[in-house]
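All chains should be built: construct the whole structure from the sequences, respecting the hints.
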Amino acid sequence: MSDAYHLSFSIGPVQSFVEQARRTRDLWAGSWLLSYLAESALAAAENAGGIAIVPARSTQARGKVTAKQSAVGGIPNRFELKFEGQDAKQRAIDAARTATDAFKEAWQRIADAVFEKFLTRDVLQRGNGTAEIWKRQVGSFWELSWVVGSPRNGEKTIGRLAAMRKTFRNVPATEESGVKCSLMPRLQELSGHLRRVDQERFWRALANNVGILDIGESERLCAIALIKRLFPKVIRQAVGEDVADELDQVVWPSTAFVSAIPWLKELTGTAQEKAKEYQQAAREAGYQDSERQAERAPEIDWATIDGTAWFATSVRNDEPGRRSLGPDPTEQLLKERRAVVDRLLAALKDVYESAAGDGDKNSRPPVPYYGLLLMDGDSMGRLLGELGSPENLSECLGQFSAQVGNIVAGHDGRTVYAGGDDVLALLPAVSATPCAERLHTAYAEAFRAKGVSADVATISAAVVFSHFRYPLRQVLSAAHRLLDDVAKERTGRDAIAIGIILGSGLNAVWSVPWRVFLGQETVGEFPLQPFHVLLDRFDPAETEGSDDPPFNASFLYLLRERFALLLGEGYDRPSEFLRFATSPDRRDTAELLRDLAHAEYRRRMPKNARNQRTAEDTLPVVEQLMALSRAWTRRPASAGSGATARIECDPNTFSFDGWRVARFLKQIKDGRVPDHD
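All you need for the working numbering is the position in the sequence shown, starting with 1, plus 35.
Hints in this document: simulated from the structure, not taken from any laboratory. Certain hints may be false.
Stated by the list, open to error - Here are the computed lysine to any residue pairs in the SDA-like style, where the Cα-Cα straight-line distance is at most 20 Å: (1) K152 to N244; (2) K704 to D623; (3) K300 to E334.
Right under this line is the structure:
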């Protein structure tokens, strides 16, 4: 029997802790806290004699909690260590218990810091068993599991055993009684009251302790959600005085501010001066200086007002006014407030017109959409087999994750999490897909030095574009569905899935293998263009007469009408493909659709251009368009075969979603997306 034993340690629940968030800071806090707690357990196990193999750990980091020095979490919720030599099995078991204790102690210290600072006597007096609810939730939330064993049958890790262990729950999941938490609906909110008036009294007292921006008017939080919300305010008491300054002063931009960043950066000269004057007026009207993240960007270090103040629809809704006027304002107060809002809107319109530049009759407001980017490495088992050891795998993943923060920041985004093969980031809409593309390249490069091809070292991505007002947790949930069910399952991994949320949910979903997105494949004999190049064909201009007519709105709408006659009912269901059978005795439907689009495209060309350019010359242009409407799939080659993955296009499928996505991203690129809040 081998004298080497491994300890695999897992922490849960991850999704309910990290993703149930209302604000961007909630999302960051859950991610960072989980990373910090995991590393507290990992460091304790290392100090008990274990050698970490997943994740990779430098000699300098061994036995230390390095999360204190970075605002980006990077330690996964599962880690594995190796123990060798005499009594290896018992030492691994002892280390598991030590790691469990370290995790619980770190969590309790954080919870105590929040409780002692904010749940003061006057708050507790307004609650009904608040201290008992707090103690119960803090003590029972986490599910810690571990397994000790020796790798068998050539396996490099005991991941299989760990997966089996996780099927046995330590504590059955239950739903608490009482009024539920606004963010974590399985748990009871902290006031403990059933009557709304009593709840309001409790939460008003707590809001007075923490500030108006930290507890929303209608929010009712459980202990876990409140810890995520407030621990950044007591981080030195919670995790120690040796935290880095960036953690002690952690600031997170709102989704509105993330959306507005490119526009704010474009404001120069007169436009910037007018924006500063408007910002001062917004402060006087009640908007808070909440976007401290701006101070870290030299180009926009002046733009610290709440991000919503840059959008006319939000100003019209007047949230500061509703807070300041109270529940029963007089008609005179309402009239005065409407006058304030009207003046703000007039000043903001002036900023928009200045942003458009001289000679442009149109105003230029900021784009009210941002992109949430989620990425996850594919086929870790095959990668491990190619690299030969988990240490090599962890080393490559560490090289990749070390680059993520700079790449995301270079695209004006903020990294929420970068650990191993996982990435979660928020970006301005215009830079979300370029950032995903750069990260895809960086991932492959991290493995190239170890001799692993880009066809094996692959990573899939989901990008969801959403209005900044849409609930963040629902955007994140949509991103996970796109990544797991669409990019990985339906498209075959090494893929990017793009979703657009308009109105009440996903309005379009488009997914292709990365090789298609990057223009490295062909349709028949026609080479595809990279997606970012093809976008420019979706010009919104309605003018005809160009030798290369754009895929503008009138062209696309006309094709939709023509295609409806051919395809019948159900031809245009967002997120779904219509599939049609081929017929041996007549032309395929796919060919008819292509030829119909081609004929309409040529009709829009000037007569002299049609005479000079044959149908063979223009057909590749239309093939590019039709490629966006078809289902693409990646078929991976079997391990050890030496072959590369096959990219397949099913011509007997059709969806408008690829066109919707391209047209929307072209509007984003041009900064011309209307705000339909």
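Evaluation of the provided hints:
| no. | hint | verdict |
| --- | --- | --- |
| 1 | K152 to N244 | holds (9 Å) |
| 2 | K704 to D623 | violated (36 Å) |
| 3 | K300 to E334 | holds (6 Å) |
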